[in-house]
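Enquirer: Throw the hints in and build the complete structure from the sequences for me.
Protein chains: 2
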Amino acid sequence: MKNFVFQNPTKLVFGKGEIARLPELLPENVNLMLTFGGGSVKRNCVYDQVKEALKGRNYIEFWGIEPNPHVETLRKAIQLGKENKIDYLLAVGGGSVLDGTKLIAAGIASEKEAWDIVLEGYAPEQIAFASVMTVPATGSEMNGAAVISRDETKEKYGFFGDYPRFSILDPEVTYSLSEHQIACGLADAFTHVMEQYMTTTGQSRIMDRWAEGVLSSIIEIAPKIKENPHDYDLMADYMLAATLALNDFIRMGITQDWATHNIGHELTALHGTTHGHSLAIVLPGLLRVLKPQKQAKLVQYGERIFGITTGTDEERANKAIALTEAFYRSLGLTTRLSEEGIGEETIEIIAKRFNERGAAYGENQNVTGEVTREILESCLPPYTLS
Amino acid sequence: MKNFVFQNPTKLVFGKGEIARLPELLPENVNLMLTFGGGSVKRNCVYDQVKEALKGRNYIEFWGIEPNPHVETLRKAIQLGKENKIDYLLAVGGGSVLDGTKLIAAGIASEKEAWDIVLEGYAPEQIAFASVMTVPATGSEMNGAAVISRDETKEKYGFFGDYPRFSILDPEVTYSLSEHQIACGLADAFTHVMEQYMTTTGQSRIMDRWAEGVLSSIIEIAPKIKENPHDYDLMADYMLAATLALNDFIRMGITQDWATHNIGHELTALHGTTHGHSLAIVLPGLLRVLKPQKQAKLVQYGERIFGITTGTDEERANKAIALTEAFYRSLGLTTRLSEEGIGEETIEIIAKRFNERGAAYGENQNVTGEVTREILESCLPPYTLS
Numbered sequence: 004m005k006n007f008v009f010q011n012p013t014k015l016v017f018g019k020g021e022i023a024r025l026p027e028l029l030p031e032n033v034n035l036m037l038t039f040g041g042g043s044v045k046r047n048c049v050y051d052q053v054k055e056a057l058k059g060r061n062y063i064e065f066w067g068i069e070p071n072p073h074v075e076t077l078r079k080a081i082q083l084g085k086e087n088k089i090d091y092l093l094a095v096g097g098g099s100v101l102d103g104t105k106l107i108a109a110g111i112a113s114e115k116e117a118w119d120i121v122l123e124g125y126a127p128e129q130i131a132f133a134s135v136m137t138v139p140a141t142g143s144e145m146n147g148a149a150v151i152s153r154d155e156t157k158e159k160y161g162f163f164g165d166y167p168r169f170s171i172l173d174p175e176v177t178y179s180l181s182e183h184q185i186a187c188g189l190a191d192a193f194t195h196v197m198e199q200y201m202t203t204t205g206q207s208r209i210m211d212r213w214a215e216g217v218l219s220s221i222i223e224i225a226p227k228i229k230e231n232p233h234d235y236d237l238m239a240d241y242m243l244a245a246t247l248a249l250n251d252f253i254r255m256g257i258t259q260d261w262a263t264h265n266i267g268h269e270l271t272a273l274h275g276t277t278h279g280h281s282l283a284i285v286l287p288g289l290l291r292v293l294k295p296q297k298q299a300k301l302v303q304y305g306e307r308i309f310g311i312t313t314g315t316d317e318e319r320a321n322k323a324i325a326l327t328e329a330f331y332r333s334l335g336l337t338t339r340l341s342e343e344g345i346g347e348e349t350i351e352i353i354a355k356r357f358n359e360r361g362a363a364y365g366e367n368q369n370v371t372g373e374v375t376r377e378i379l380e381s382c383l384p385p386y387t388l389s
Numbered sequence: 004m005k006n007f008v009f010q011n012p013t014k015l016v017f018g019k020g021e022i023a024r025l026p027e028l029l030p031e032n033v034n035l036m037l038t039f040g041g042g043s044v045k046r047n048c049v050y051d052q053v054k055e056a057l058k059g060r061n062y063i064e065f066w067g068i069e070p071n072p073h074v075e076t077l078r079k080a081i082q083l084g085k086e087n088k089i090d091y092l093l094a095v096g097g098g099s100v101l102d103g104t105k106l107i108a109a110g111i112a113s114e115k116e117a118w119d120i121v122l123e124g125y126a127p128e129q130i131a132f133a134s135v136m137t138v139p140a141t142g143s144e145m146n147g148a149a150v151i152s153r154d155e156t157k158e159k160y161g162f163f164g165d166y167p168r169f170s171i172l173d174p175e176v177t178y179s180l181s182e183h184q185i186a187c188g189l190a191d192a193f194t195h196v197m198e199q200y201m202t203t204t205g206q207s208r209i210m211d212r213w214a215e216g217v218l219s220s221i222i223e224i225a226p227k228i229k230e231n232p233h234d235y236d237l238m239a240d241y242m243l244a245a246t247l248a249l250n251d252f253i254r255m256g257i258t259q260d261w262a263t264h265n266i267g268h269e270l271t272a273l274h275g276t277t278h279g280h281s282l283a284i285v286l287p288g289l290l291r292v293l294k295p296q297k298q299a300k301l302v303q304y305g306e307r308i309f310g311i312t313t314g315t316d317e318e319r320a321n322k323a324i325a326l327t328e329a330f331y332r333s334l335g336l337t338t339r340l341s342e343e344g345i346g347e348e349t350i351e352i353i354a355k356r357f358n359e360r361g362a363a364y365g366e367n368q369n370v371t372g373e374v375t376r377e378i379l380e381s382c383l384p385p386y387t388l389s
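If you read the protein sequences in the order shown, they are chains A and W.
Under my numbering, the first sequence is numbered contiguously, ending at residue 389.
Under my numbering, the second sequence is numbered contiguously, ending at residue 389.
Since the hints were made in silico from the structure, they are not lab data.
Please read these numbers as outputs of a predicted model, since none were measured by experiment.
Check the hints yourself; a few may be wrong.
Intra- or inter-copy, both count: the list cannot distinguish identical chains.
To be verified - Each computed DSSO-like pair below joins lysine-lysine, with the alpha-carbon atoms no more than 30 Å apart: (1) Lys54 x Lys79; (2) Lys5 x Lys19; (3) Lys355 x Lys54; (4) Lys115 x Lys79; (5) Lys5 x Lys229; (6) Lys58 x Lys85; (7) Lys14 x Lys45; (8) Lys58 x Lys14; (9) Lys58 x Lys19; (10) Lys58 x Lys79; (11) Lys45 x Lys79; (12) Lys5 x Lys227; (13) Lys45 x Lys5; (14) Lys157 x Lys58.
Expert: Following this line, the structure appears as structure tokens:
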């Protein structure tokens with residue numbers, strides 16, 4: 004096990020009706036700004052619940068943070084926040100609203116240009132922020148990361164900073180999500196775990212088993228949710244899975260990968276592919292190409308998650324990869340670039356970008372532009388059940 | 004899943020050599036008191052490492068916190084702390100030293116009598132405290148609980164309060180532990196998980212799997228540690244298991260039990276039985292008596308932990324209980340009262356105490372004095388392999 008430091012101060016307030024506890028969670032005497040996406044919280048009554056809870060308190064609202072939040076939009080929120088001496092932000096929405104809010108919190112606290120903060124990868128200071136999370140997917144509600152897009156250059160990068168002071172997670176607010184949103188959310192959570200799990204074997208027994216516990220749970224609930232998306236306990240399992248998939252709990256003392264995310268972000272930046280969906284395309288390809296170095300873990304994963312106990316190690320690894328892709332497809336997502344109308348031209352752009360920035364991603368820092376090209380090439384052919 | 008609030012602010016600093024980071028972890032300008040047990044940290048060089056790290060800083064020392072820390076001892080530390088206007092405590096030792104330090108922190112911050120704080124069950128205020136943890140067992144390094152004994156009346160109770168600001172866990176410091184200490188530590192961690200797991204089924208898929216992940220890991224490492232107690236990775240797994248067994252991570256949205264602890268505390272208070280050892284005696288008895296209400300979870304546990312897949316549900320539950328007791332014995336611990344020279348007289352005292360205080364412990368609040376009598380009676384006969 005590697006040495007590590009762990010600290011996650013976020014207060015998680017989980018369960019039906021908990022939005023009503025906002026008044027006790029938000030400190031008095033703060034200059035509060037609420038941040039929102041495009042309006043879905045008005046349709047699903049979350050906005051009404053928040054307004055009801057905050058009756059008698061002063062706050063301003065900023066609307067319009069889009070999926071894969073654009074720095075161009077967030078700059079407006081930063082300006083509004085500075086003009087109003089805002090010192091506390093409450094994000095009401097999904098991971099994009101909260102990620103955007105993390106950059107707003109950094110922009111208000113600093114004189115730096117917002118995109119520079121993203122490029123530096125770390126927010127030196129942020130005003131306080133919290134969330135009412137409505138879309139289980141990114142884990143942003145209990146971590147210190149955010150991913151921001153720049154529309155004018157079609158770029159997308161992550162940065163790190165503070166954790167939310169608190170996050171309220173009411174599984175009932177997920178009842179209004181579309182099947183595609185749920186599919187992308189489950190794929191996102193599943194892949195977050197894989198980024199922290201599909202690495203060198205034998206680093207930590209418990210971290211392995213905890214990662215496998217989240218993976219198995221997601222695989223188990225996915226088809227049931229399709230049948231019954233208003234089952235409270237199923238949606239609670241889904242919501243908790245998304246949070247625990249990326250809140251540092253399953254990464255103690257182990258190496259991580261994240262090359263799938265680095266590549267997936269490019270697909271989103273260039274084509275607007277939903278984040279979780281981009282991961283469902285890239286991960287199987289990455290596993291096919293990096294199979295030699297990941298084979299031992301693929302064998303463990305295949306046995307513990309899919310019950311694969313026969314065949315040579317390579318056969319078992321192949322089967323585990325095939326079942327991973329099949330799982331993503333079972334959610335209703337495509338897993339091939341050709342199915343999304345993405346072709347060689349995009350692969351060329353991404354490989355060139357990676358080469359230019361001297362990219363070397365992944366656990367072993369060997370996912371270069373050329374390896375990425377190989378990975379994406381393997382995602383081109385039409386899907387066939389292997 | 005039940006509604007829940009989770010927040011664990013402790014900074015965990017884990018790995019070899021990390022004691023050297025004390026200067027950056029401890030704030031400047033605090034009036035620091037170090038607290039210790041009986042001197043084992045002098046023999047295993049932890050004291051020297053701490054002294055070296057704190058060179059140039061002022062602090063006072065309090066020595067002599069005993070296993071199952073006595074309020075009588077802690078009162079002296081509280082007085083010393085008040086006299087010296089201490090505002091930060093660093094516990095250097097095992098769970099007893101840290102538990103005692105939690106009460107010292109509460110006593111210094113308040114005018115209340117120390118034992119009254121314990122009886123009230125909650126510390127209204129505490130000065131800051133942190134730990135260098137040397138014995139993986141109680142999980143005190145990352146939770147808000149402490150258990151205190153009162154020597155003059157042979158009583159032992161827990162109370163809740165703040166979490167440590169930070170805890171340094173260096174697996175190398177465990178190399179000097181005795182086989183019995185390790186056995187009791189593993190039994191303690193294992194039982195902490197069982198208190199949070201062996202309850203109603205179907206409350207949370209992930210919590211179940213995370214609990215099972217810790218249980219399986221402990222069962223896997225226990226015999227290997229016996230063979231090789233200086234294997235860094237094994238001891239790191241053990242140390243992390245003990246922390247994760249009782250830091251709120253595996254209890255989100257679920258019911259808990261803790262009746263085994265309530266009964267075990269009495270054995271420790273009356274006979275000085277090491278805490279972990281007392282649990283190894285009580286838990287199998289509790290499972291035998293409460294089998295009807297715990298049968299469904301026992302079947303799940305038997306299958307996932309011990310691979311029991313045949314037989315009627317009752318047979319499977321019986322086998323799971325037998326294998327649990329066999330696991331404790333494999334650590335080198337006895338599991339029967341008769342083996343410890345404890346008999347009917349003690350059972351009578353405990354039943355009477357529970358009856359007098361109207362005890363109704365456990366998930367279903369049905370572990371009364373009379374049920375406790377039944378549980379302890381079932382721990383009387385000599386052990387036979389079933």
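Enquirer: Checking each numbered hint in turn, tell me which of them this model violates, lowest number first.
Expert: 3, 14
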